[in-house]
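A.B. asks: What follows is the residue order along each chain.
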Amino acid sequence: MSNGAFKAFWAVLTVLAIIVAFWYAACIPMNIKGVLTEQERAGAVVQPPSAKDRRDLSEFGLVLTNSFAIPATWDQDRPRLPAPHQVAVEMWETTVQKKITSKRSLVYHAWVTLSATMLGFAIGTGLGIVLAVGIVHSRVMDLSVMPWAIVSQTIPIIALAPMIIVVLYSVGIQGIIPKAVISAYLSFFPVVVGMVKGLRSPDAMQLDLLRTYNASRAQGFWKLRLPASLPYLFTSLKIGIAASLVGAIVGELPTGAVAGLGARLLAGSYYGQTVQIWSALFAAALLAASLVGLLGLVERKVLKRMGVAQ
Amino acid sequence: MTTQGTTTVIEAKALDLTFQTNDGPIHALKDVNLTVDKGEFVSFIGPSGCGKTTFLRCVAALEAPTGGTLTVNGMTPDEARRNRAYGYVFQAAGLYPWRTIAKNIKLPLEIMGYSAAEQDERVRNVLELVDLEGFGGKFPWQLSGGMQQRASIARALAFDADILLMDEPFGALDEIVRDHLNEQLLALWARTEKTIGFVTHSIPEAVYLSTKIVVMSPRPGRITDVIDSPLPKERPLDIRDSQEFIEVAHRVREGLRAGHADE
Chain A
6 MSNGAFKAFW AVLTVLAIIV AFWYAACIPM NIKGVLTEQE RAGAVVQPPS
56 AKDRRDLSEF GLVLTNSFAI PATWDQDRPR LPAPHQVAVE MWETTVQKKI
106 TSKRSLVYHA WVTLSATMLG FAIGTGLGIV LAVGIVHSRV MDLSVMPWAI
156 VSQTIPIIAL APMIIVVLYS VGIQGIIPKA VISAYLSFFP VVVGMVKGLR
206 SPDAMQLDLL RTYNASRAQG FWKLRLPASL PYLFTSLKIG IAASLVGAIV
256 GELPTGAVAG LGARLLAGSY YGQTVQIWSA LFAAALLAAS LVGLLGLVER
306 KVLKRMGVAQ
Chain B
-11 MTTQGTTTVI EAKALDLTFQ TNDGPIHALK DVNLTVDKGE FVSFIGPSGC
39 GKTTFLRCVA ALEAPTGGTL TVNGMTPDEA RRNRAYGYVF QAAGLYPWRT
89 IAKNIKLPLE IMGYSAAEQD ERVRNVLELV DLEGFGGKFP WQLSGGMQQR
139 ASIARALAFD ADILLMDEPF GALDEIVRDH LNEQLLALWA RTEKTIGFVT
189 HSIPEAVYLS TKIVVMSPRP GRITDVIDSP LPKERPLDIR DSQEFIEVAH
239 RVREGLRAGH ADE
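Protein chains in written order, with the numbering used here: chain A, 6 to 315; chain B, -11 to 251.
Among these hints, one or two may not hold up.
With the C-beta cut set under 7 Å, the calculated list includes, among others, these residues of chain A facing chain B [what the hints assert, rightly or not]:
#1 T19
#2 A22
#3 E45
#4 S206
#5 M210
#6 L214
#7 T217
#8 Y218
#9 Q224
#10 P232
#11 M311
#12 G312
If you are wondering where the hints come from, they were derived from the structure by calculation, not from laboratory data.
Glycine residues also receive a C-beta, built at the ideal position from the N, C-alpha and C atoms.
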């Protein structure tokens, strides 16, 4: 390992350690009241002894007067804020130790969400590219489509998602499609914006050059605009795929879906299973990070092959 | 086509071009009259805003004159453009970064529908003409600025247009590279017998290269002097120390000064 990489490695590790330490520390005041109630029931002497009195005291004060209870704040069944190791154990148990087909397997739920994400991402990307090509080549489309594309993104998706599901259900469409539609709704926008910018990136001189060759519009598109837009497209795709995942999860919330990371979040909140919620959140974050990382890899390969990246 | 020097390639009569801008009209070209014969090397020199680039762009049908007549190979400039009568070299090389040098040179050939074998053949020929043999497989960023500009000249030569229009092609390069490219350009011109229109703001460059020097001045853009060079066609670099060279350069400088004195 080179010296620079070594330093970076320790820096990253230090930041991670600080976050984990902060998290553990935060668990103490967050969970202290619940822990004290449990301890009191179990027969321990807590200060003050009455739950009614404790209710109005600050969490920090309770921690100071009942420091014996601190370890228990990291070990509750249903904590307000689960400790990192509780989330890690839950994730381990619901991924590696469960069969993938099990309804309790996080891999199974992640797959359900991922398939909707990928379908939505494909639809959104396709739609985004088609719209961008239209916008760049037609002034009418530029004036009529672009404002609506922008407006579409100002509506909170959480408000719109139930409408989409209800409308699609009424025409007999359910299952993966409504989720993919919501996912596409979020992911087409960055693709449109990035692709329009990319297709317009060739400067006046490049366009003049093609004119001196008497090139057609189609030739200008395939030989100049499209290749020039690829670096922009990849940047957009990375934003788009993360948005797709958010869309798919949001799409699982209002349906009371039985499967998917969104369903896991919802079930967790119904039954106060905070550990389950946090592990589903981490699963979603890991999934998003892997998808973006994968796209980054494809980007590097493609651009290198094209000779754009050095 | 008859013998060299007797066929008119570019002819401008009372050419006028006014741009309408937000700050009012700009008279970019006023009453420009010029005849360029086949095989001539014509330089356009003058300060910025004198219309030298605008005139070249009119010849290439990249700008439309607002008055007068302009013919290229006896056609309107736009017809000439459609017939791919000229190759145009811009100030920046403008090579596609995602294409190798050979693929960049193939760009006009692909657009014009040459066969793959013909494309390879032509790429080989023009790479040799601009002294870039062996660089076809390199990407633009692997080449120096001077080499990139040579590649862009090769691209303009690839489809065998009779006219080569060059808009300050060496303006962004340092003087040593520029001297070298000027020498190469003369050799290339001698071999290909093309008609060259060359925009520059360097007096030595214009005098060294040209058979005809068009001196222009700004506001409105117009021609103040047309000098037929007495220098021989064979020009080693040290011709620039000769008495004839210095006299021509002096006349160009006088023409430029006269243009400024009018203001």
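A.B. asks: Could you run down the list of hints and mark each one as holding or not?
C.D. replies: Each hint tested on the structure:
{"no.": "1", "hint": "T19", "result": "37 Å, violated"}
{"no.": "2", "hint": "A22", "result": "41 Å, violated"}
{"no.": "3", "hint": "E45", "result": "71 Å, violated"}
{"no.": "4", "hint": "S206", "result": "12 Å, violated"}
{"no.": "5", "hint": "M210", "result": "5 Å, holds"}
{"no.": "6", "hint": "L214", "result": "6 Å, holds"}
{"no.": "7", "hint": "T217", "result": "4 Å, holds"}
{"no.": "8", "hint": "Y218", "result": "5 Å, holds"}
{"no.": "9", "hint": "Q224", "result": "5 Å, holds"}
{"no.": "10", "hint": "P232", "result": "5 Å, holds"}
{"no.": "11", "hint": "M311", "result": "4 Å, holds"}
{"no.": "12", "hint": "G312", "result": "4 Å, holds"}
Of the numbered hints listed earlier, those contradicted by the structure are 1, 2, 3 and 4.
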